[in-house]
Amino acid sequence: MAAHNYTNWFDPIENFFDNALLPAHWLATVPARFNAWGELILSDRSDLEVENTRLKQESLIHRGQIQRMADLAAENLRLRLLLNATELLMDSVLVTEVIGVSPSRNSHTLFIDRGTKDNVYVGQPILDAEGLMGQVIEVFDEHSVALLITDSTHAIPVQILRNGLRSIAEGTSDYDRLRLRFVSSTADIKEGDQLVSSGLGGRFPVGYPVGSVINIEHNSGASFVEVDITPAAKIDRSKHLLLVFTSEDGGEVGRSQ
Amino acid sequence: MKQSGVGLALIISVFIASVLQLVPVSGYLLVLKPNFLLLVVIGWIIFRPSQWGIGFAAFTGLLADLIFRAPIGMHVLLFSAVGAIPLYLSGWLVYFSLIHRCLFVFFLIILAEFIRNILLLMWEIPMDYSYILMTALASAAVWPAIDRLLIRVNRKR
Chain Y
1 MAAHNYTNWF DPIENFFDNA LLPAHWLATV PARFNAWGEL ILSDRSDLEV
51 ENTRLKQESL IHRGQIQRMA DLAAENLRLR LLLNATELLM DSVLVTEVIG
101 VSPSRNSHTL FIDRGTKDNV YVGQPILDAE GLMGQVIEVF DEHSVALLIT
151 DSTHAIPVQI LRNGLRSIAE GTSDYDRLRL RFVSSTADIK EGDQLVSSGL
201 GGRFPVGYPV GSVINIEHNS GASFVEVDIT PAAKIDRSKH LLLVFTSEDG
251 GEVGRSQ
Chain R
1 MKQSGVGLAL IISVFIASVL QLVPVSGYLL VLKPNFLLLV VIGWIIFRPS
51 QWGIGFAAFT GLLADLIFRA PIGMHVLLFS AVGAIPLYLS GWLVYFSLIH
101 RCLFVFFLII LAEFIRNILL LMWEIPMDYS YILMTALASA AVWPAIDRLL
151 IRVNRKR
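Chain order of the listed sequences is Y and R. My numbering numbers the first residue of the first sequence as 1 and each following residue consecutively. My numbering numbers the first residue of the second sequence as 1 and each following residue consecutively.
By construction, these hints were calculated from the structure, which means they are not laboratory data. Be aware that one or more of the hints could be misleading.
Unchecked claim - Estimated spans, in silico, between C-beta atoms of each pair:
#: 1; chain 1: Y; residue 1: A2; chain 2: R; residue 2: I12; range: 26 to 36 Å
#: 2; chain 1: R; residue 1: S90; chain 2: Y; residue 2: T7; range: 52 to 62 Å
#: 3; chain 1: R; residue 1: M122; chain 2: Y; residue 2: R181; range: 49 to 59 Å
#: 4; chain 1: Y; residue 1: N119; chain 2: R; residue 2: L98; range: 53 to 63 Å
#: 5; chain 1: Y; residue 1: F10; chain 2: R; residue 2: F107; range: 28 to 38 Å
#: 6; chain 1: Y; residue 1: E58; chain 2: R; residue 2: F107; range: 46 to 56 Å
Just so we're clear, the structure is a prediction, and the values are computed from it rather than from any experiment. All residues carry an ideal CB built from backbone N, CA and C; glycine is no exception.
With the hints as constraints, model all of the structure from the sequences given.
Next up, the structure:
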């Protein structure tokens, strides 16, 4: 165990086994896929029409919001240029699907169906429709392994949207909870505050939703408060995710497939 | 059943347990997911103690380490330690009723989860005792199926 922890002697074995385990992952997800197929087959035509109408309306709303976003992005760009900002980041994304999850309660990892063939790289951020999910930790030809933000070994630099207060959100091995580290007992933080990635450390891009504050515990005599966060992303439910490609050349947004 | 047949049954049972272990579940179902690999190890040790002992438990533990992406050696240690108990008691366990074997499995899983949590502390992964009882109950609930299957396999000798 110590050798595994402090050396990389076992990496070839683990890499080989990760590849060998793919068919087992495929078999393990057969019930879920069969269930999805069954729901599709058994769903009523009228239900599908209602859902289609709702999705069209949502699409319309989102397109309207994107137009507003484009306007804000352009304004942001102008302001950054005025401030002589040296780095202009624009992100493109690639859609990926979850093909397996870690069976352990203590290891929060996912297997996704994109690998080196899709230019996936170690450290690449992963999102779902609601917020940040985690980052890629291992890349293979056809698939990759991602560590979720709720894993107890994971930490992400964040800031409060309301006032820009910076902190670090670390995983707790609980899919519904993160914890903020080193928040001063006098810090301006309250329940309901939204947290986004701060971009510090250069691993995660700035401004993606991470979660919101659900509980603040003040311990008398302690210098720091304990702050519980509920993740914005549906960590244990999302099936389709986005791999974020950050580029400094202002690459085209929406490299989605 | 012939020796090769028993070997094949064992490989199939371990494979099915591995696949069941990988079935993705979320929320509270995660707490209710039994450790199928450990149950299969316990089953084979109870019904074939002369053939499948600590070595088999250790090998399956290695497989569990790779499946769980845990530090290599953790489940080897866990499965070997837990597997030693049914091996020691196997002479009596085969004469137990199904209910008593379920109870035995229930307490064995509680012990296994405690050991696992203590081992995880070495990596500073927070311990969580709240789910142990539910996992043990779920394991005891699926045990009759494994028990009956292994009795049937071993009766065909």
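Evaluated hints:
1. Y:A2 to R:I12: 26 to 36 Å: For I12 of chain R against A2 of chain Y, whose Cβ atoms are near 35 Å apart, the range 26 to 36 Å holds.
2. R:S90 to Y:T7: 52 to 62 Å: violated, 37 Å
3. R:M122 to Y:R181: 49 to 59 Å: violated, 21 Å
4. Y:N119 to R:L98: 53 to 63 Å: holds, 55 Å
5. Y:F10 to R:F107: 28 to 38 Å: holds, 33 Å
6. Y:E58 to R:F107: 46 to 56 Å: Holds: the Cβ-Cβ distance is about 52 Å, inside 46 to 56 Å.
When each numbered hint is compared with the structure, violations occur for hints 2 and 3.
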